[in-house]
Amino acid sequence: MSDIANRVKKIVVEHLGVEEDKVTENASFIDDLGADSLDTVELVMAFEEEFGIEIPDDAAETIQTFGDAVKFISEAA
Amino acid sequence: MFDLTGKSALVTGASGGIGGEIARQLHARGANVGLSGTRAAPLQALAEELGPRAHVLPCDLSDFAAVDALARQAAEAMGAVDILVNNAGITRDGLLMRMSDEDWQQVIDVNLTSAFRLSRGVLRGMMKARWGRIIYITSVVGIAGNGGQANYAAAKAGMVGLSKSLAQEVASRNVTVNCIAPGFISTAMTEKLTDEQKEKILVEIPAGAMGVPADIAAATVYLASPEASYVTGATLHVNGGMTMI
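Chains as they are written, first to last, in full-length UniProt numbering: chain A, 1 to 77; chain B, 1 to 245.
Read the hints as simulated data drawn from the structure, not as lab findings. Fair warning: this is a prediction, and the values are worked out from it, not measured in the lab. One or more hints might be untrue.
Claimed, not checked - DSS-like, lysine-lysine: derived pairs with alpha carbons at most 25 Å apart: (1) K22(A) with K128(B); (2) K71(A) with K9(A); (3) K128(B) with K9(A); (4) K9(A) with K22(A); (5) K10(A) with K71(A); (6) K22(A) with K71(A); (7) K128(B) with K164(B); (8) K10(A) with K128(B); (9) K10(A) with K22(A).
Start from the sequences and build out the full structure, keeping to the hints where you can.
Shown next, in the form of C-alpha cells:
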C-alpha cells in the first residue's frame, strides 16, 4: 500500500473509530464505516490538512469511498 | 460554577456597551478575550483595563475578507477560539417604504452575514477540539418586530434561524449554538431615544426598568460555561418580561 493510502487509512481509522481491516478499497465512509455527513466534512478537512491540499466542495462530494479518497489525493498532492 | 479558565473567547462589537461588558465578565471568569470592533481606541482602553489575557483585534465587519481574516487572527492571538460571541450590530432605521438598498444591505451584512462568516471561520477548530460555544446576540425585535427597523429585525430574526440550524449540525461534537435576545438595555444606542419614547417603552416592561449590559453579559457567561453544555438551539430572552415567548 502506498504512503498516501497508509496516511489516509490512519486518518479514517482515528476519526471514525473503525478497525483497520474494515478500511478497504471500496469501503464507503457512510454505508460501510458508519460516518454521518458531518464526519465526511471532517474527513475532508483532515485530508486537506494532512496533505496540504484544497479539496473543493464539488470534488469532496465525489469522495465516497476509501479508494476515492486515495485516488483524489494521489492526483492532487 | 461557570469557570472559563483556559478558554478563549472572541467578542465582536466589544467597543460598545453590551459587548464591552460581555468581554469583561468572560475575562473575569478566567477566559482569554479577543476584543473586536471597528474603533481601535475603545478596544485598546478596554484591553488596558483588563490587563493580561486581553487581545485587541480591530475589524470592519462590512469587509468580508477582513471578517474571514479575523477568525484566523483570533486563533493566532489566543491559540484557539473556543467561544464566539457575535454581538456587533448596527442600525439604519427608517420606514420600509423609504428604506434604501444600502441601508438594508449594510445592516444585513454587518449584523447577519458577518456572524455567518465568523461562525464558519471558527468552527473547524471547535470541531477538532470537540468543544465550542457560539452565541448570537439577537434582539427582542427579531422576534416581535418593530416598525422602522425592518432591516434590523430581519437580520436579528435571521440569527435565530441560523443558530437553530447550526445547532442541529454540530450538537454531536459538543459545540452549542444559542441566541440571547436582549430587550431594552441602556447603552449608547438607546441613549438616542427621547424621554417620551423611553417612558412609552417602560410602560411595556413589567420589570419597570431598562436592563443593563451586565444582564446580557451574565447570560453570555452562562451559555459559554461548561454547565450549559445541554443547552443548544435556544434563545434566552433577557428583557424584564417585556415580551414573553
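request  = Could you tell me which of the hints above the structure violates, numbers in ascending order?
outcome  = none
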